[in-house]
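Student: Read off the chains here:
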Amino acid sequence: MLGRLKSGRAPEEAGDLSLRKPVLRVVSGGSQQLPEWADFRPVVYARHPFDATKQVQFRVALQDVLKAARAQLRNPAFQLWSVVYGRPPPVNNVEWSGNQPYREGLTRLEEAHACFKGVNRPFAEDDYGDTVVAYVVKPTAFYKFEPHMVTMAHRRAVPDDVVFIAYVKLDQPCDPGSGQVRGCLTHWAFVEADPENKLLPADFETRFGERLW
Amino acid sequence: MPTDYENNIDTIEPYTPVALYYDASDTVEYLRRDVPCVYRRVDGVLTLALDMDTREPVGFRVKGFKNFYLRRIKPVHQKLNDDSFVHLVYVIERLVEELCSPIFENEEQRLQAYRVAAEIARKDKVELHDLPRAA
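First to last, the protein sequences are chains A and B. Residue 1 is where the first sequence starts when you use our numbering, and the numbers rise one by one after that. Residue 1001 is where the second sequence starts when you use our numbering, and the numbers rise one by one after that.
Derived by calculation from the structure, the hints in this document are not laboratory data. Quick caveat: nothing in here was measured; it's all calculated off a predicted structure. All C-beta atoms, glycine included, are put in the ideal place defined by N, C-alpha and C. Among the hints, erroneous ones may be present.
In silico BS3-like pairs for lysine-lysine, Cα to Cα no more than 27 Å straight-line [unchecked claim]:
| hint | chain 1 | residue 1 | chain 2 | residue 2 |
| --- | --- | --- | --- | --- |
| 1 | A | Lys117 | A | Lys198 |
| 2 | B | Lys1123 | A | Lys54 |
| 3 | B | Lys1125 | B | Lys1074 |
| 4 | A | Lys117 | A | Lys138 |
| 5 | B | Lys1125 | B | Lys1066 |
| 6 | A | Lys67 | B | Lys1066 |
| 7 | A | Lys198 | A | Lys54 |
| 8 | B | Lys1123 | A | Lys67 |
| 9 | B | Lys1074 | B | Lys1123 |
| 10 | A | Lys198 | A | Lys138 |
| 11 | A | Lys54 | A | Lys117 |
| 12 | B | Lys1123 | B | Lys1066 |
| 13 | A | Lys67 | B | Lys1125 |
| 14 | B | Lys1066 | A | Lys117 |
| 15 | A | Lys67 | A | Lys198 |
One-sided and incomplete, this derived list gives chain B residues near chain A with beta-carbon spacing under 8 Å [as the list claims (entries may be wrong)]:
| hint | residue |
| --- | --- |
| 16 | Ile1009 |
| 17 | Ile1012 |
| 18 | Glu1013 |
| 19 | Val1018 |
| 20 | Tyr1022 |
| 21 | Asp1023 |
| 22 | Val1038 |
| 23 | Arg1040 |
| 24 | Glu1107 |
| 25 | Glu1119 |
Derived coverage of chain A by chain B (criterion: at least 3 residues anywhere in the stretch with Cβ under 8 Å from a Cβ of chain B; other residues may be distant) [as the list claims (entries may be wrong)]:
| hint | segment |
| --- | --- |
| 26 | 46 to 53 |
| 27 | 183 to 192 |
Generate the whole structure from the sequences, applying the supplied hints.
Tutor: See below:
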């Protein structure tokens, strides 16, 4: 496109910076600077799905929680912070007296006490959801989005009949014996707990393929 | 793709109920309110969203949506493109058809959950603009 200069040299050889081809760089996230509470961590740590004594790292599907936030749905984001990352959402005045003790009862994905494989439903190209693992966490508190004069993040108790599930779609091929299991945290939610075992989700025996640990 | 629901993420405005397609989880979700929810799995396709405080149904999720949409919805409405929308009540009705009424005859609870989701979709005239692409 730039052609050759009269000297016969290519513009990039001539040293004229204005004529050099631009160096293209990928900038993720677009030009809009995100507020701190929407500037999510791109990775999260968890116990290895096939060996609970080891730790692995998963990517986080940020595009969906950002889509929800842009549509003014902020509770998914606040649950990501307080139940998956294990810290209060970084918003103004989150440490106000009404939220004290402001870190108590929160959990991290690493603290999952159960892990299941297979969600018994189509999951994109996976007809049966066999490549999905579900981590179960039992926080006693989380942060809720609620506009307020002091702060928009409010710590509240989790009902006892509820657990939290975080779903990870494992990259394929996946070698269960390998320490290099990779995947993406796709979504998360509070669900009703099993009436007989409040640490596990309701109908855990039928909603999942198998329990890993 | 229409993005009229996408506001500046930094501005706090009241949530206007909208159906959203989440690509990573291949799920369509509609919520009437931005409140903490407890999700009740009905089956492999439908999950109801209940207000955590009142346990009142405030929305639903249709899971595995992309496959169902491309297989059952788009072929019937071949003019659907990226700028189109589909009424979610129609989607739920097709789901009930596909899952077969004989199953529901013996599962009143499950059928009732589908009725709840369909009623929410019908009453709120829920439209999904953010249709999944084939590729």
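Student: Report the numbers of all earlier hints that the structure fails to satisfy, in ascending order.
Tutor: 2, 15, 24, 25, 26
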